[in-house]
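Visitor: Listed here are the chains, written in short residue letters.
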Amino acid sequence: MSPTEPSEGRASDRGVSSAMSPTEPSEGRASDRGVKFGQGGLDDAVVSELREIAARYPQARSGLLPMLHLVQSSAGQVTPEGIETCAEILGLSAAEVAGIATFYTMYKRRQVGDYHVGVCTNTLCAVMGGDLIFDRLKDHLDIANDETTEDRKITLEHVECNAACDYAPVVMVNWEFMDNQTPESATQLVDDLREGREVRSTRGPRICTWREAERVLAGFPDDQADEGPSAGPASLVGREIAREKGWTAPSGDAAGSTGQQPSVSPVGAAEQADTGRAESEAKVEEGKE
Amino acid sequence: MTDTLTPVLTDNWGTDRSWTLEAYEAQGGYRALAKALAPEFGGPDAVVSEVKESGLRGRGGAGFPTGMKWSFIPQDNPKPKYLVVNADESEPGTCKDIPLMMASPHTLVEGVIISSYAIRANTAFIYVRGEVLHVVRRLQAAVREAYAAGHLGKDVHGTGYDLDLIVHAGAGAYICGEETALLDSLEGRRGQPRLRPPFPAVAGLYASPTVINNVESIASVPSIIAHGADWFGSMGTEKSKGYVIYSLSGHVKKPGQYEAPLGITLRELIDLGGGMREGHQLKFWTPGGSSTPILTEEHLDMPLDYEAVGAAGSMLGTRALQIFDETTCVVRAVLRWTEFYKHESCGKCTPCREGTWWLAQTLARLEQGRGSESDLDLLLDQCENILGRAFCALGDGATSPISSSIQYFREEYLAHLTHGGCPFDPMASAVFAPQGAQA
Numbered sequence: 000m001s002p003t004e005p006s007e008g009r010a011s012d013r014g015v016s017s018a019m020s021p022t023e024p025s026e027g028r029a030s031d032r033g034v035k036f037g038q039g040g041l042d043d044a045v046v047s048e049l050r051e052i053a054a055r056y057p058q059a060r061s062g063l064l065p066m067l068h069l070v071q072s073s074a075g076q077v078t079p080e081g082i083e084t085c086a087e088i089l090g091l092s093a094a095e096v097a098g099i100a101t102f103y104t105m106y107k108r109r110q111v112g113d114y115h116v117g118v119c120t121n122t123l124c125a126v127m128g129g130d131l132i133f134d135r136l137k138d139h140l141d142i143a144n145d146e147t148t149e150d151r152k153i154t155l156e157h158v159e160c161n162a163a164c165d166y167a168p169v170v171m172v173n174w175e176f177m178d179n180q181t182p183e184s185a186t187q188l189v190d191d192l193r194e195g196r197e198v199r200s201t202r203g204p205r206i207c208t209w210r211e212a213e214r215v216l217a218g219f220p221d222d223q224a225d226e227g228p229s230a231g232p233a234s235l236v237g238r239e240i241a242r243e244k245g246w247t248a249p250s251g252d253a254a255g256s257t258g259q260q261p262s263v264s265p266v267g268a269a270e271q272a273d274t275g276r277a278e279s280e281a282k283v284e285e286g287k288e
Numbered sequence: 000m001t002d003t004l005t006p007v008l009t010d011n012w013g014t015d016r017s018w019t020l021e022a023y024e025a026q027g028g029y030r031a032l033a034k035a036l037a038p039e040f041g042g043p044d045a046v047v048s049e050v051k052e053s054g055l056r057g058r059g060g061a062g063f064p065t066g067m068k069w070s071f072i073p074q075d076n077p078k079p080k081y082l083v084v085n086a087d088e089s090e091p092g093t094c095k096d097i098p099l100m101m102a103s104p105h106t107l108v109e110g111v112i113i114s115s116y117a118i119r120a121n122t123a124f125i126y127v128r129g130e131v132l133h134v135v136r137r138l139q140a141a142v143r144e145a146y147a148a149g150h151l152g153k154d155v156h157g158t159g160y161d162l163d164l165i166v167h168a169g170a171g172a173y174i175c176g177e178e179t180a181l182l183d184s185l186e187g188r189r190g191q192p193r194l195r196p197p198f199p200a201v202a203g204l205y206a207s208p209t210v211i212n213n214v215e216s217i218a219s220v221p222s223i224i225a226h227g228a229d230w231f232g233s234m235g236t237e238k239s240k241g242y243v244i245y246s247l248s249g250h251v252k253k254p255g256q257y258e259a260p261l262g263i264t265l266r267e268l269i270d271l272g273g274g275m276r277e278g279h280q281l282k283f284w285t286p287g288g289s290s291t292p293i294l295t296e297e298h299l300d301m302p303l304d305y306e307a308v309g310a311a312g313s314m315l316g317t318r319a320l321q322i323f324d325e326t327t328c329v330v331r332a333v334l335r336w337t338e339f340y341k342h343e344s345c346g347k348c349t350p351c352r353e354g355t356w357w358l359a360q361t362l363a364r365l366e367q368g369r370g371s372e373s374d375l376d377l378l379l380d381q382c383e384n385i386l387g388r389a390f391c392a393l394g395d396g397a398t399s400p401i402s403s404s405i406q407y408f409r410e411e412y413l414a415h416l417t418h419g420g421c422p423f424d425p426m427a428s429a430v431f432a433p434q435g436a437q438a
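Here the protein sequences come in this chain order: P and E. Its first residue numbered 0, the first sequence is counted upward by one per residue in numbering that gives the first Met the number 0. Its first residue numbered 0, the second sequence is counted upward by one per residue in numbering that gives the first Met the number 0.
Rather than coming from a laboratory, the hints here were simulated on the basis of the structure. Each residue gets a CB set at the ideal place from its N, CA and C atoms; glycine is no exception. There could be a bad hint or two in this list.
Straight-line Cα separation of at most 27 angstroms, DSS-like style, residue types lysine-lysine; simulated pairs [what the hints assert, rightly or not]:
hint	chain 1	residue 1	chain 2	residue 2
1	E	K153	E	K238
2	E	K34	P	K244
3	P	K107	P	K137
4	E	K34	E	K153
5	P	K137	P	K152
6	P	K244	E	K253
These stretches of chain P come out as covered by chain E in the derived footprint (C-beta under 8 angstroms, 3 or more residues) [said to hold, decoys possible]:
hint	region
7	144 to 158
8	214 to 227
Could you put together the complete structure from these sequences and hints?
Guide: Pasting the structure below:
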């Protein structure tokens, strides 16, 4: 069940503690070594985009996670060739990159279907019905956890808390929220996906393919940011109750008039006082560390 | 006396196209940035001072004073300084940062710019968990808009200050919410925590001075700059100042996000939403995610601030209030959390790597009714061997649900033994349970 092999989880993976030794910049290194690119299913355009990702960061190696997302977008999984290409670009060994790719659950070493369906079975969602939804989907699709349907459309996995507990039970499709699911709605969902009907996130855009999603995660945006609402209904409940009751945060000007701390006047005066305080505190702080 | 609910961060979430620069500026967005950058404000140190004075404490769980964290950055260190936003929201039950970034990414971006300016960073990162595609899209779009508007990039607002902001998607690892593991991950490594000292403020990202703050902490900064430290401090309690987002989930009528001054009680929050689901009673709850010891109905009137929750033997954490009613089997709940910690243990240290595995084994046996009463002592002994001995807080957190549930629900563990398995019907706890279903 755990993607983290205990025996691999050693600090010595990194050689010395990275807190002590700065990562060496590795930009431009791959070309110095005269490595060949473009082999193993990643075409030249993808390789050049992998380089582009590495170049976004002050130190190229920081690009590795998004680079692996791009590999998945291009190859449908993390392939050995993808690992080697990332390693070559960053001046790492393939073993190092493989050790990182296997640490993170979003990286898959088997082909993922067009739609990755993740059912939250962490405690709250499980109790609220996630376990029953997951069982129903396994049965309905006739596959087990982390397997893909024969038509290559659906990969089913149970996932950990996806930060949408106020919409429990939650199902994710290609990492878009499908809120407040039931066994019935979830089977309808996967049927729609398999039959190519348009599916929209309950508070987001139309669902793209898993590979397209991975490309966005690699830092190459699509044009869907403006789709969907600002927020789902549960995100707004407190705000709406406040509006009904006429409750607000204190107005900026009335900050001092709550009776606790009489302050002469609004912002301007406070600013000046703060500036003075900043100077004196800055002096105190200099002595620290 | 402040109002019961005080929407600040959540205030614009229902506005039409709230995620766009246009909508954000229309409601006053980026004015706090202009104010902070204006020479009259007094420069970066004045920003640090204002935030320090406000009493803002980290909203990611630990509650460390934000302004103090910033002031630990050694400004005489010649290396570049970095600001890293921890947007890896993954603590079970926690669901506030994701809707914030979806509805109003510019609140975070404005906070990032002001905070980076305060610590004199020229590069900042938002490390967002990868499993939230639409949030990543909205962040990318907001950053693009902010560059185009001159809020980011070279010579921000013509002040000579330069700032680059990179949105970085993670790849699925709870441990990366631990700030030093996050840094390793951001450097392109396995996300495993680092030995401290040196602290990130001295040697963080690329061994350079780094501040790591939670999304909600950074998003609170523009309001503090706009309205002042006194305004912020006029909300909340003496040592827990300001407003926060409380996330109510589970067996309540209205789960959702409630923004209130620190110190509101769970009873008030549940009542605001119309109570527990029809016909059911509160059994247990977490105040701040699964890593915070569970509490019961006896804690309903406890102020939800850092001090009171701590005094009750738990932690305020992320104010992730997961509410479970009497249909929920506490052993099932705790076993599932334990399996989570086992899955997410990074493998670096023995107490956590091995300990979470043994905890899950022992609990599973009990849950199936195959254990014995002495397994409860075994569990507590295992917890004792992890708590305080693990390399980071993940191991400590793994023990919280176990020790607290044995404290409050020992009888229910034993019932599994006498019953030869779980005495609860999992259908009864589901939201789609038929009316009147009982455990």
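Visitor: With reference to the structure, classify each hint as holding or not holding.
Guide: Now the hints, each set against the structure:
Of the pairs offered as hints, the one joining K153 (chain E) and K238 (chain E) is violated, with about 39 angstroms between alpha carbons and a cut-off of 27 angstroms exceeded. The hinted pair formed by K34 (chain E) and K244 (chain P) fails the criterion: a straight-line CA distance of about 32 angstroms is larger than 27 angstroms. Between K107 (chain P) and K137 (chain P) the alpha-carbon distance is near 19 angstroms, which keeps this suggested pair within the 27 angstroms criterion. At most 27 angstroms may separate the alpha-carbon atoms for a hinted pair to count; K34 (chain E) and K153 (chain E) meet this at roughly 19 angstroms.
With a C-alpha separation of about 14 angstroms, the suggested pairing of K137 (chain P) with K152 (chain P) holds against the 27 angstroms cut-off. Of the supplied pair hints, the one linking K244 (chain P) and K253 (chain E) holds, its CA atoms being roughly 16 angstroms apart against a limit of 27 angstroms. Here the region 144 to 158 of chain P counts 1 residues with a CB under 8 angstroms from a CB of chain E, which misses the bar of 3, and the coverage is violated. For the region 214 to 227 of chain P, the proposed coverage by chain E is satisfied: 10 residues have a C-beta within less than 8 angstroms of a C-beta in that chain, meeting the threshold of three.
Hints 1, 2, 7 from the list above are not met by this structure, while the remaining hints are.
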